[in-house]
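> Assemble the complex: chain A is given as a structure, and chain B must be docked to it using the hints.
So the protein sequences, as listed, match chains A and B.
In short: position in the first sequence from 1, add 3, done, that's the working numbering.
In short: position in the second sequence from 1, add 3, done, that's the working numbering.
Note that these hints are calculated values from the structure, not bench results.
Some hints here could point you the wrong way.
Since the list can't tell identical chains apart, any single copy or any two copies may satisfy a pair.
[As the list claims (entries may be wrong)] With a straight-line Cα cutoff of 20 angstroms, these simulated EDC-like cross-link-like pairs (lysine to aspartate or glutamate) come out:
1) Lys194 - Asp180
2) Lys131 - Glu189
3) Lys106 - Asp19
4) Lys131 - Glu195
5) Lys61 - Glu80
6) Lys226 - Asp30
7) Lys206 - Glu223
8) Lys144 - Asp180
9) Lys108 - Asp19
10) Lys210 - Glu261
11) Lys238 - Asp258
12) Lys106 - Glu195
13) Lys194 - Glu261
There are 2 protein chains.
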Amino acid sequence: MNDTVKSIATLLKDLDGILLFPHINMDGDALGSCTAVCLALRALGKKSYVMINEPVPKNLDFLECGCSTNDDSVLDEVQLALMMDCNSMNRIPGREHAFERGKLKGCIDHHMSKSTDIRFDFVRTEPKAAATGEIAYNLIKALGVPVTLDIANCIFTAITTDTGNFQHSNTTARTHDIVGHLHKIEGFNSKEISALIYDRKSKGALKMETDVLGSLNYYEGGKIAVGRITQDLLKRNGCTMDEADGIVPRIMSIDGVEIGCLLKETEMNVRASLRSRAYANVERVAAGFGGGGHILAAGCTFEFPIDEVEKIIVVPLKDALKK
Amino acid sequence: MNDTVKSIATLLKDLDGILLFPHINMDGDALGSCTAVCLALRALGKKSYVMINEPVPKNLDFLECGCSTNDDSVLDEVQLALMMDCNSMNRIPGREHAFERGKLKGCIDHHMSKSTDIRFDFVRTEPKAAATGEIAYNLIKALGVPVTLDIANCIFTAITTDTGNFQHSNTTARTHDIVGHLHKIEGFNSKEISALIYDRKSKGALKMETDVLGSLNYYEGGKIAVGRITQDLLKRNGCTMDEADGIVPRIMSIDGVEIGCLLKETEMNVRASLRSRAYANVERVAAGFGGGGHILAAGCTFEFPIDEVEKIIVVPLKDALKK
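The following block holds chain A by itself, in its conformation from the complex (with noise of 0.2 angstroms):
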């Protein structure tokens, strides 16, 4: 089943009382995806509303648009829930009931659906799109509705982080045909809207970051890096793990690394965020230790001190440059 953007939006502009749901841990592209959907709903005079239960990354808050609530009892009705960028109850925690208000349920994703704990009304999946942000900008035009300023900001922030400013493989000559229209917008400016996004890093994040990079442990003539945020360093410069989310890009772009293994330690465990250059198969290495993702990015959690966690991790790691 894979529904049209046209269908979804013909649907759409019968209903009325919509939940938009991103996934937990929101990124640029759950969240602008979710909002601009919102936005445009809204503009065909619909009540909707995105509905999370974290707070907003505070690089993110220019998504927000006045549009998310945690509070379902907003809407008497839902006549439709509908997840972006996710397609299963997992990626919603906490949210389960609000979703299960919805009289109908759909997904628009560009992951792969993999869903069998609800039975979705319709889907949009296109595993090929860089971005759900792709998907929404196209269902904001087949709904008719006008691409205002907040919600160009909203694809713009979707498509730009899920490719890694147009550098990823996932990267298509139809991204750039979106993002070139964007740039057509009255008030459109992709540096103030990047400015927002990447530089507003805190001096704690900064160090943190500093002191990871420079303490990186080699292997395997330096195929393999390996960084530790532990909480320590966490306390010591002031900063949340989100804060960290730069840090694996960073150890991906020394010369010679084919592994790179960033070892988050929480107050419950220690999590590894594995990547890949080119070849090595980390996606198993991760599966071995229960957990999972692609064959070049995956993750997997440890109930060892670090210490330990970098001892264990690091020989099946040897192992997977080898194959």
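Chain B alone, transformed into the frame defined by chain A:
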């Protein structure tokens, strides 16, 4: 005088023996634009070379494509000497003689033309082009030459480096339109090119960067941030100064920083790179020390020790915050 791309293409078709000149301290736009046009001229059966007299920066080595030479005697006759991404003799030091050999002299640039030291036979200046690479692309289309993968890689590099990966305010709908076309070229892979440009940082260069960013001096409550690269720091990390390229943008990513200043100690003097985020006029500060640039990005040099330079330059930088 501003010639059209079409008229330049018509002229080029009748010429043979063409030397292309990128500016000194070549960057992705200068070398990418020259190589792209050189490849297009060769595709038309013409003899053409990119004339350089410095090593190609390591991260741009893939732009060379067998086009560059430091010996203009490879051509018996130079029917055209063409500057790209620059417009003045002082931007091609050591290559003036080779340029003078051109029976015709041309200039294709996106900087406002300021040259008074050359009588050009044609000039194409597009200050609204995000990169000279945009003009090069249009010229290649006007020449009727198919865009090969090598040409696409050159144009992509020119554009993505000069736009800060499509984030800077020079980016337009046309920029995205052109890059959208590049994505349709067989084999084009933005991620591969981007990894070549950005992800080959030496471990020493990373260490240098973390040292600089980890020891910034802040002034005026954090509105001014000053970093330093000393000769000692370079030697300790086995780096050259061109490996410091990415540091200034990182300084500007810090929340609250309006002015970023990076002091670079060379063997002869100290160079100050100045950036402001939104309003502070650093061009005026640089001009006060005999330097220049733009309001938001400027530079100047000093003949004092680096410690003194910091004390001296901070005074007018504080003033610049007030205006």
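> Out of the numbered hints, which ones does the structure contradict?
The structure conflicts with hints 5, 6 and 12, although it agrees with all the remaining ones.
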